[in-house]
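Each number in my numbering comes from the position in the sequence shown (counting from 1) with 658 added on.
It cannot be assumed that every hint is accurate.
[Stated by the list, open to error] Label pairs and their in silico Cβ distance ranges:
(1) E804 - N696: 49 to 55 Å
(2) I775 - M681: 16 to 22 Å
(3) T708 - R853: 48 to 54 Å
(4) S670 - A815: 41 to 47 Å
(5) T672 - P849: 41 to 47 Å
[Claimed, not checked] No more than 20 Å apart at the CA atoms, straight line, and that leaves these computed lysine to aspartate or glutamate pairs for DMTMM-like:
(6) K814 - D780
(7) K814 - E804
(8) K814 - E831
(9) K718 - E734
Honestly, the hints are just simulated from the structure, not real lab data.
Here a beta-carbon is modelled for each residue, glycine too, at the ideal position from N, C-alpha and C.
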Amino acid sequence: MSSREKENRMDSNTIDLRNKLIMTARLVVRESGMVAFNLRMIAERAETSTQAIYTLFGGKAGLILALYQHFVVELEQRLLLLVPHSTPIQLIYQTAQIYREQALSDSELYLSATTPIATEADVLGMLYNSKVFALFTSFIEQATAEKLLLPTEDPKAIAKILWSTVHGAVLFELCTREPHARTNMVNELLPILLRGLGTFA
Numbered sequence: 659m660s661s662r663e664k665e666n667r668m669d670s671n672t673i674d675l676r677n678k679l680i681m682t683a684r685l686v687v688r689e690s691g692m693v694a695f696n697l698r699m700i701a702e703r704a705e706t707s708t709q710a711i712y713t714l715f716g717g718k719a720g721l722i723l724a725l726y727q728h729f730v731v732e733l734e735q736r737l738l739l740l741v742p743h744s745t746p747i748q749l750i751y752q753t754a755q756i757y758r759e760q761a762l763s764d765s766e767l768y769l770s771a772t773t774p775i776a777t778e779a780d781v782l783g784m785l786y787n788s789k790v791f792a793l794f795t796s797f798i799e800q801a802t803a804e805k806l807l808l809p810t811e812d813p814k815a816i817a818k819i820l821w822s823t824v825h826g827a828v829l830f831e832l833c834t835r836e837p838h839a840r841t842n843m844v845n846e847l848l849p850i851l852l853r854g855l856g857t858f859a
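Take these sequences, add in the hints, and give me the full structure.
Spelled out as structure tokens, the structure:
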């Protein structure tokens, strides 16, 4: 085996281990919440060492950040499939609904986003600097250009307002004690906001 082949194999093994640790950590959070996030236990379940976690992620905060990055990448991949087939306003609605779907399917991870350790990892900062948020902002810019939304000098500020509203609505829904009493508040709040911003009301 050549040195280049050895490097490629090493890189592949590293990527595989990194993904395995992310999925193991995600499963731990899904089963027991962020309170159960213990590096030694995650390493044991992934059949590796805590040193591997420190090498690949820099420690607990880095692994937690990687969890949320994975969540955001999944969201991005779903959105990119919709872009060629939808209007800007449809894309804004679809972004919100996909975000809600993913949050409901991974509720413990979502609810843990405001815990001290997630705050330390700057999860929200990562989101606002992600490709997903850039995509969402571009939908607002397109809607403005097509005169579907009122002109704005700062589409990113509008994107933050809408995203924060969606995030809060999903959080409120998840925190409703009885699951059968939950309602899709995104469906209730987002149209009101868009009518306020829109020229199509």
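**Request:** Below or equal to 20 Å on CA atoms is what counts here, so check K814 against D780.
**Result:** Between K814 and D780 the Cα gap is close to 19 Å, so the pair holds against 20 Å.
**Prompt:** Are I775 and M681 spaced within 16 to 22 Å by their CB atoms?
**Reply:** holds (19 Å)
**Message:** Quick check on a hinted range of 49 to 55 Å for E804 and N696, using CB atoms only.
**Reply:** holds (50 Å)
**C-beta pair T672, P849: status relative to the range 41 to 47 Å that was hinted** = Holds - the Cβ-Cβ distance for T672 and P849, about 46 Å, lies within 41 to 47 Å.
**Message:** Against the range 41 to 47 Å, how does the distance between the Cβ atoms of S670 and A815 compare: consistent or not?
**Reply:** Hint holds: Cβ distance 42 Å, inside 41 to 47 Å.
**Asked** If you draw a straight line from the CA of K814 to the CA of E831, is it 20 Å or shorter?
**Response** violated (25 Å)
**Request:** With a cut-off of 20 Å on the C-alpha distance, tell me whether K718 and E734 pass.
**Result:** violated (24 Å)
**Request:** Take a quick look at whether K814 and E804 sit within 20 Å of each other, Cα to Cα.
**Result:** holds (17 Å)
**Prompt:** Between T708 and R853, does the beta-carbon spacing fit 48 to 54 Å?
**Reply:** The hinted range 48 to 54 Å holds for T708 and R853, with Cβ atoms some 52 Å apart.
Comparing the model with each earlier hint shows violations of hints 8, 9; every other hint is respected.
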